[in-house]
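Colleague: For reference, the chains in residue letters:
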Amino acid sequence: MKKKSFVSIADLSKETIIRLMKKTEFFEENPNQKLLDGKICATLFFEPSTRTRLSFETAVNRLGGKVIGFSDVATTSSSKGETLKDTIKMVSNYADLIIMRHYLDGAACYASEVTDVPIINAGDGANQHPSQTVLDIYSIYKTQGRLENLTITMVGDLKYGRTVHSLIEGMSHFNPRFYFIAPEELKLPDIYKQWLEEHKIPFEECIEFSEEIINQSDILYMTRVQRERFTDLIEYEKVKNVYILKNSMLEKSKPNLRILHPLPRVNEIDNDVDDNPKAYYFDQARNGVYARQAIICDVLGIN
Amino acid sequence: MSNSKTALQVAALRNGTAIDHIPSEQLFKVVSLLEIEKLTTCVTIGYNLSSEKMGKKGILKIADKFFEEDEINRISLIAPTVNLNIIKDYEIIEKKQIQLPDVLKGIVKCNNPRCITNHEPMKTVFKVIDKQNVTLKCQYCDLKIKKEDIVLL
Ligand SMILES: [Zn+2]
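Sequence lines, in order, name chains A and B. Everything in the first sequence is counted per the working numbering, starting at 1 for the first residue and increasing by one. Everything in the second sequence is counted per the working numbering, starting at 304 for the first residue and increasing by one.
Chain A with its partners taken away, still in its complex shape (with noise of 0.2 Å):
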């Protein structure tokens, strides 16, 4: 069988998307399954992240599998010099899967071509953490029963936000529309926006959170304004709480409306939504775990 990896959420295409979608499905019905018996799966975190590396290990855990690797690079040998091909060759001559994240851009997929055990990627410093995007566009699928035809409005922080992107570039299979609400030194990158006038996706931006596109919106994403990204500190304190959700803004809201964040919040969703049964972020986190036994199911060909 030829080898399978996922590294980046481009490399999918519709009909893997939606064969996900259905394994993930399964899974959330029937999470116990002894899919992996016998199979020893790699976690390799050179940079860490509990929430990630938690949820990876638990869907191993729940489909039998057994688990080895680090989560923290001081205590491997590439903190003493070894590059990541070697520390990939010498894991791949113990496990069935690798599951990566690395702090540097393009680290899993230099990995899937340096070994023939197939890659999973956990995230590569700003560039693709595509198992959150699977997870992401599940919740959609499960909150809307379906993908097609759907409005989606961003919110926070999409210049450097990469699951913005991905998810993006991963709804784009099924003829979306975009909000895009950031503050100017956020502002989606050109790229992006040249990359939807290509694929011909109609999207609008906006420099307002207003109810007004709330109100239009089959779906909210959410995203943290972090301090750390602004040079003009001025400017953050200006901004810091325009994009904030609060309860009040969802009244008119379509009835079947939901609220995705990826987590870990700061202040960008008021704790009065929590209680508002258009808030999925939690449930979102819990879908996690099912969409990454449907991830490594499908890089071992298991059905």
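Don't read these hints as lab results, they were simulated from the structure. If you're wondering where the values come from, they're calculated on a predicted model, not measured in any experiment. Ideal Cβ placement from N, Cα and C applies to all residues, glycine included. Accuracy of the hints is not assured; some may be wrong.
[Stated by the list, open to error] The calculated label-pair distances, taken between Cβ atoms and stated as ranges, are:
{"#": "1", "chain 1": "A", "residue 1": "Tyr-94", "chain 2": "B", "residue 2": "Asp-452", "range": "40 to 50 Å"}
{"#": "2", "chain 1": "B", "residue 1": "Val-406", "chain 2": "A", "residue 2": "Asn-93", "range": "47 to 57 Å"}
{"#": "3", "chain 1": "B", "residue 1": "Phe-331", "chain 2": "A", "residue 2": "Glu-148", "range": "49 to 59 Å"}
[As the list claims (entries may be wrong)] Distance condition first, Cα-Cα at most 27 Å in a straight line; then the derived DSSO-like pairs of lysine-lysine:
{"#": "4", "chain 1": "B", "residue 1": "Lys-430", "chain 2": "A", "residue 2": "Lys-4"}
{"#": "5", "chain 1": "A", "residue 1": "Lys-89", "chain 2": "A", "residue 2": "Lys-187"}
{"#": "6", "chain 1": "A", "residue 1": "Lys-193", "chain 2": "B", "residue 2": "Lys-412"}
{"#": "7", "chain 1": "A", "residue 1": "Lys-85", "chain 2": "A", "residue 2": "Lys-66"}
{"#": "8", "chain 1": "A", "residue 1": "Lys-14", "chain 2": "B", "residue 2": "Lys-440"}
{"#": "9", "chain 1": "A", "residue 1": "Lys-200", "chain 2": "B", "residue 2": "Lys-434"}
{"#": "10", "chain 1": "A", "residue 1": "Lys-85", "chain 2": "B", "residue 2": "Lys-426"}
{"#": "11", "chain 1": "A", "residue 1": "Lys-159", "chain 2": "B", "residue 2": "Lys-440"}
{"#": "12", "chain 1": "B", "residue 1": "Lys-356", "chain 2": "A", "residue 2": "Lys-159"}
{"#": "13", "chain 1": "B", "residue 1": "Lys-434", "chain 2": "A", "residue 2": "Lys-89"}
{"#": "14", "chain 1": "B", "residue 1": "Lys-426", "chain 2": "A", "residue 2": "Lys-187"}
{"#": "15", "chain 1": "A", "residue 1": "Lys-159", "chain 2": "B", "residue 2": "Lys-412"}
{"#": "16", "chain 1": "A", "residue 1": "Lys-14", "chain 2": "A", "residue 2": "Lys-4"}
{"#": "17", "chain 1": "B", "residue 1": "Lys-450", "chain 2": "B", "residue 2": "Lys-440"}
For chain A, the structure is supplied; the task is to place chain B with the ligand on it using the hints.
Modeller: The following block gives chain B with the ligand in isolation, referenced to the frame of chain A:
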């Protein structure tokens, strides 16, 4: 014709490839991209020759060597306007144009300091996504590089 003048400046070639009008400052870069040092046949390297068109130019005459397209296209980024002549029995039997290839391997540096290619002992790989305007895209970090920002390794 400048051909006869060129012939006076460096020895004639019986069979092989003559690359003329190489910008002088790129000559040795061209030599290394074409891996001339690995050849065992006769190679004449002309450096800082006078040229009506360019002021100074470089010439390479490589005996018994006929480059594959993707070999020769490696130099397209640094010397896109060279004249490439295929020579048999002292006659030019074919003039070739150099074209930007679809993929550039190990030639261009990635301008993203956080890119894996700047941290591992590996070759960079760029897809040429726009041949007209020369726009490259890093295979690893997806960075797009415009012509004016291209840095050679
Ligand atoms: Zn790069």
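Colleague: Now, for every hint given, state plainly whether the structure supports it.
Modeller: Against the structure, the hints come out as follows:
1. A:Tyr-94 - B:Asp-452: 40 to 50 Å: With Cβ atoms ~42 Å apart, the hint holds.
2. B:Val-406 - A:Asn-93: 47 to 57 Å: violated (31 Å)
3. B:Phe-331 - A:Glu-148: 49 to 59 Å: Taking Cβ atoms as reference, Phe-331 (chain B) and Glu-148 (chain A) lie about 57 Å apart, which means the hint holds.
4. B:Lys-430 - A:Lys-4: holds (21 Å)
5. A:Lys-89 - A:Lys-187: violated (40 Å)
6. A:Lys-193 - B:Lys-412: Status holds; Cα separation ~26 Å.
7. A:Lys-85 - A:Lys-66: holds (23 Å)
8. A:Lys-14 - B:Lys-440: Holds - the C-alpha atoms of Lys-440 (chain B) and Lys-14 (chain A) are around 23 Å apart, at most 27 Å.
9. A:Lys-200 - B:Lys-434: holds (23 Å)
10. A:Lys-85 - B:Lys-426: holds (13 Å)
11. A:Lys-159 - B:Lys-440: This hinted pair holds, its Cα atoms lying about 19 Å apart.
12. B:Lys-356 - A:Lys-159: Violated, because 47 Å separates the two Cα atoms, which is more than 27 Å.
13. B:Lys-434 - A:Lys-89: Violated, because 36 Å separates the two Cα atoms, which is more than 27 Å.
14. B:Lys-426 - A:Lys-187: Violated, because 33 Å separates the two Cα atoms, which is more than 27 Å.
15. A:Lys-159 - B:Lys-412: The hint holds at about 24 Å.
16. A:Lys-14 - A:Lys-4: holds (17 Å)
17. B:Lys-450 - B:Lys-440: The hint holds at about 11 Å.
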